[in-house]
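Order-wise, the sequence lines are chains A and G.
Quick note: the first sequence uses UniProt numbering, first residue 1, plus one each step.
Quick note: the second sequence uses UniProt numbering, first residue 1, plus one each step.
Listed below are the simulated DMTMM-like cross-link pairs for lysine to aspartate or glutamate, each with C-alpha atoms no more than 20 Å apart in a straight line: (1) G:K111 with A:D87; (2) A:K142 with A:E127; (3) A:K142 with A:D118; (4) G:K111 with A:E97; (5) A:K142 with G:E114; (6) A:K142 with A:D87; (7) A:K131 with A:D118; (8) A:K129 with A:E119; (9) A:K14 with G:D274; (10) G:K111 with A:D135; (11) A:K16 with G:D274; (12) A:K142 with A:E162; (13) G:K111 with A:E162.
The set of hints was computed from the structure by calculation and includes no laboratory data.
These numbers were taken from a predicted model, which means no experiment stands behind them.
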Amino acid sequence: MPEPVIVAQNLVKKYKDFAAVAGVSFEVAPGESFGLLGPNGAGKSTTMRMVGAVSTRTGGDLRVLGLDPNRHGPEIRSRLGVVPQADNLDTELRVRENLLVYGRYFGLPRAQVARRADELLAFAQLEDKAKAKVDALSGGMKRRLTIARALINDPSILLLDEPTTGLDPQARHILWDRLFRLKEQGTTLLLTTHYMDEAEQLCDRLVVIDKGVIMAEGAPAQLIRTYSSREVLEVRFGSDLNADVAAQIAGMGDRIEVLPDRILIYSENGESELVRIVEAGLTPITSLVRRSSLEDVFLRLTGRTLVE
Amino acid sequence: MTETDLRTDAAASRLLGALYAGNARSVMLRGWQATRSTNWLVVVSGFFEPIFYLLSMGLGLGSLVGTITTESGQDVPYAAFIAPALLAVAAMNGAIYDSTWNVFFKMQFAKLYEGMLSTSLGPLDVALGEISLALLRGALYATGFLVVMQALGLNLSWWALLALPAVLLIAFGFASVGMAVTSFMKTFQQMDWITFLLLPMFLFSATFYPLSVYPQPIQFVIQALPLWHGVELVRGLTTGQVDPGLLWHVLYYLVMILLGLVAATRRLRTLFLD
Numbered sequence: 001m002p003e004p005v006i007v008a009q010n011l012v013k014k015y016k017d018f019a020a021v022a023g024v025s026f027e028v029a030p031g032e033s034f035g036l037l038g039p040n041g042a043g044k045s046t047t048m049r050m051v052g053a054v055s056t057r058t059g060g061d062l063r064v065l066g067l068d069p070n071r072h073g074p075e076i077r078s079r080l081g082v083v084p085q086a087d088n089l090d091t092e093l094r095v096r097e098n099l100l101v102y103g104r105y106f107g108l109p110r111a112q113v114a115r116r117a118d119e120l121l122a123f124a125q126l127e128d129k130a131k132a133k134v135d136a137l138s139g140g141m142k143r144r145l146t147i148a149r150a151l152i153n154d155p156s157i158l159l160l161d162e163p164t165t166g167l168d169p170q171a172r173h174i175l176w177d178r179l180f181r182l183k184e185q186g187t188t189l190l191l192t193t194h195y196m197d198e199a200e201q202l203c204d205r206l207v208v209i210d211k212g213v214i215m216a217e218g219a220p221a222q223l224i225r226t227y228s229s230r231e232v233l234e235v236r237f238g239s240d241l242n243a244d245v246a247a248q249i250a251g252m253g254d255r256i257e258v259l260p261d262r263i264l265i266y267s268e269n270g271e272s273e274l275v276r277i278v279e280a281g282l283t284p285i286t287s288l289v290r291r292s293s294l295e296d297v298f299l300r301l302t303g304r305t306l307v308e
Numbered sequence: 001m002t003e004t005d006l007r008t009d010a011a012a013s014r015l016l017g018a019l020y021a022g023n024a025r026s027v028m029l030r031g032w033q034a035t036r037s038t039n040w041l042v043v044v045s046g047f048f049e050p051i052f053y054l055l056s057m058g059l060g061l062g063s064l065v066g067t068i069t070t071e072s073g074q075d076v077p078y079a080a081f082i083a084p085a086l087l088a089v090a091a092m093n094g095a096i097y098d099s100t101w102n103v104f105f106k107m108q109f110a111k112l113y114e115g116m117l118s119t120s121l122g123p124l125d126v127a128l129g130e131i132s133l134a135l136l137r138g139a140l141y142a143t144g145f146l147v148v149m150q151a152l153g154l155n156l157s158w159w160a161l162l163a164l165p166a167v168l169l170i171a172f173g174f175a176s177v178g179m180a181v182t183s184f185m186k187t188f189q190q191m192d193w194i195t196f197l198l199l200p201m202f203l204f205s206a207t208f209y210p211l212s213v214y215p216q217p218i219q220f221v222i223q224a225l226p227l228w229h230g231v232e233l234v235r236g237l238t239t240g241q242v243d244p245g246l247l248w249h250v251l252y253y254l255v256m257i258l259l260g261l262v263a264a265t266r267r268l269r270t271l272f273l274d
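Isolated chain G (complex conformation):
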């Protein structure tokens, strides 16, 4: 066979079963077992973090702020304004932690994926399995947080029930992009850049105050960032201000998920199935 023949062969197999064995579940199962036996404490701590924020900023600072006017012109208590944002942030953080630091460690040091990919698993199984685990964790956090919100009377509408799938969508988006980005990282210093980018996004994405406080050009920048879309989506649902515009945010995340998955899968293949 010539080299071109081989390349077209390989190209064909990429489209067929070589990427996916339909067994992402075994990768998830592995993660679950590892979490159970080693780092469940980390999981528990992640649950309390957003709740502490909510109590301190929402109830503490909120008593000074009073009510705040949302984008759609509705007055809501300050705690009810930031609670959905914190929920979106919690989804983001959980997903990012699982898909960046965890993935980085497994890739660079534990050589875990090398082992997985010498079995009948494909790179898409690994990517989907790892991301699903991040989602499962995100779902647990989100459910707990929503219960706390309900108890504090911060869910202003029954639409809040849809915040759970919305949060999963957000987590999925961040997890797949996070995994794709991490697969290019080689050193701890590079990993720190991720943290460095996330902090300002957390603080400035209309999390603690409405977007309208910014001058127009800054607003465009914020609106291009993923967290703003997540915050607005969840806020729309928990405050009950639902309009078709929310679907743009959903679309944003669908695109993010797709790009992340494609990039992560391709990258895993390049790294481990060269």
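Next up, chain A with everything else stripped away, as it sits in the complex:
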């Protein structure tokens, strides 16, 4: 196995008495697409900031590209691309100028930055917006520009913090397509997300984080196999009845989760569970059989849903 580009061992970040990250360990191989999946406040962004060498760890060990971020911040940052959670594009500059100026922050020569900026505008499908004002761009375009900007220094690792949060479905798909291309070209991606579909689409491997600790690690499909059944039956009986019904159907399937608005029955065969429910004389308002997802893995591990 090639030398990992990120190695975190027992990584800790404390703010006074509060531990935002409480002992996290993982490794990312070159060319790999690695995800940190967890709800808001799980410690994903803090972990990203430590890897991005903009936050000093309070404990454990961390190596990024073989270097210690606490000691070699600028050197590491010069080889990273960062896409922050909230857009921080330079609104006083035009679209192409944003790329040019950002490239100069890395101390790169003007001609090289100009060439790269044009390539990246094409990659981000923003060629005809080169002279536009940043504020005039749509949310999806701003995001793409932020990604293009993060690539200006030809980074070894691209860090993406919640890359599609707040985008409409169409814009998300365009963005995923762009990120998938980067992945195909061999760029190492480290991304945080609280969307399971995003994690399933983009991540080769991921860790599920909650309250600053890792709950599970593996490839998306492998995690689903380990922590959930093949299918899930979702039934709704109305908020007042769900709890009563849950008592009556206890024992059906492999496992049952009762959520405020619905009951989830985990099973190898969702249809046959539905038949059993109907045979028991119960009539759900709605029913749905679907395949297990990372959302179910998270629910199993933490007892909570991912997006609340």
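Since the structure of chain A is already known, use the hints to place chain G on it.
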């Protein structure tokens, strides 16, 4: 590694290259480009403000006042007395505007520094770059104002040429302290305090009349404030009353620059590289 090890490691890196990548120029370049495409009008207006003051107070009011006696006992025309003070004030205002409101906006709303500091730039690059831009602007204003002074015959000595570097020193001092102070501000209300403090300093720092009009205790207060040192320094040069005492004013500003830079850099690091 233990926590203490990590802290000493981080402490060591602070002294080494972590704060400065030697690329403050790119931050200046960014400011120049932003000014060129968006707010050049603000820049132009800043140039005329002190000139309007000079014309109205210096020539208008000056015709009633006649001559005025400086600290060193020389009689000079009123316009020649206040012109150097206005020059110092212009340097202060330009530097303060760039290093407070501009910096506040970039820090709180545009998240510009967050972006800069996720590149290989260090906090000192950002602080130096922003301050240098403020200086460049101050230099432009000062040059223009000195030309106007020359045209109106208000430069009484060739020492006036040294007023340009003196003004840059003043601007540097206010810009670095301004940036340091702004980095602690969280709301617009707090920003208004800066304006609230600057106005009386502008009016009372021996700008429009000699310090000797005040009773002794008030004089000490005024002499502790930075603008008075700037006014006296520039006035000494443009009126040609140069003595070694002027070096105290220079020292005052050197200390101000140093304290401001250290504080601004530390603060930027705390805010964005925690």
